[in-house]
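The numbers in the sequence shown follow my numbering, run straight up by one, and end at 186.
In short, the hints are calculated from the structure, not lab data.
Because the structure is a prediction, the values reported are computed rather than measured.
Worth double-checking, as some hints may not be accurate.
[What the hints assert, rightly or not] No more than 20 Å apart at the CA atoms, straight line, and that leaves these computed lysine to aspartate or glutamate pairs for EDC-like:
#1 K155 with E121
#2 K178 with D154
#3 K44 with D116
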Amino acid sequence: MVKSCVVVAWLGVMSLPLAAQTPKYGVTVTTEKNVDYAKFKTYTWTKGQPSAVTSIDAQIVAAVDRELAALGMTKATSGHGDVLLAYYSLTRTDVDLKAKENANGTRPQYSVGTLVVALLDPGNRKRLLRLRADKPINTQPAELEAAINAVVKELFEKYPTRTGDR
């Protein structure tokens with residue numbers, strides 16, 4: 021009993037710095053060194069952590085396919101492509117801890133979407149590129165597809181071979 025109380029207290033203390041941090045929104049790119057991204061011409065989708073909502077999954081896949089096509093890449097028609105492609109998504113609720121509480125004692129909350137697109141080596145599944153967007157989102161169905169398209173476009177504007185020609 022005492023041991024579990026100590027563990028819970030320690031976890032609480034360790035999470036304080038995380039709770040005090042202000043969330044950062046935007047796009048981040050993580051690349052592997054010594055990878056020639058210009059040589060990738062074909063890709064094959066592989067399982068990541070897709071949206072549980074079928075229509076949202078289809079919208080994300082279509083948006084990524086469009087952006088890869090704009091880069092000159094095509095889906096492999098058989099076997100593996102030059103790279104494997106996966107996406108991972110999640111939605112969370114952030115609370116504005118700096119805002120004043122309302123009459124009910126709560127602070128403003130808003131939905132935040134995280135979308136990660138990863139290019140993987142088809143031989144060993146090592147991650148070659150990670151494009152990540154964390155953005156507040158409007159979850160209204162009428163506005164979601166436009167938001168998905170905008171976020172995916174923003175991700176691929178950071179693709180390593182992009183020259184700013186778009």
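Status of each hint after checking the structure:
1. K155 with E121: Violated, because 23 Å separates the two Cα atoms, which is more than 20 Å.
2. K178 with D154: Holds: K178 and D154 sit about 14 Å apart, inside 20 Å.
3. K44 with D116: Given that 20 Å is the threshold and the Cα spacing comes to 12 Å, the pair holds.
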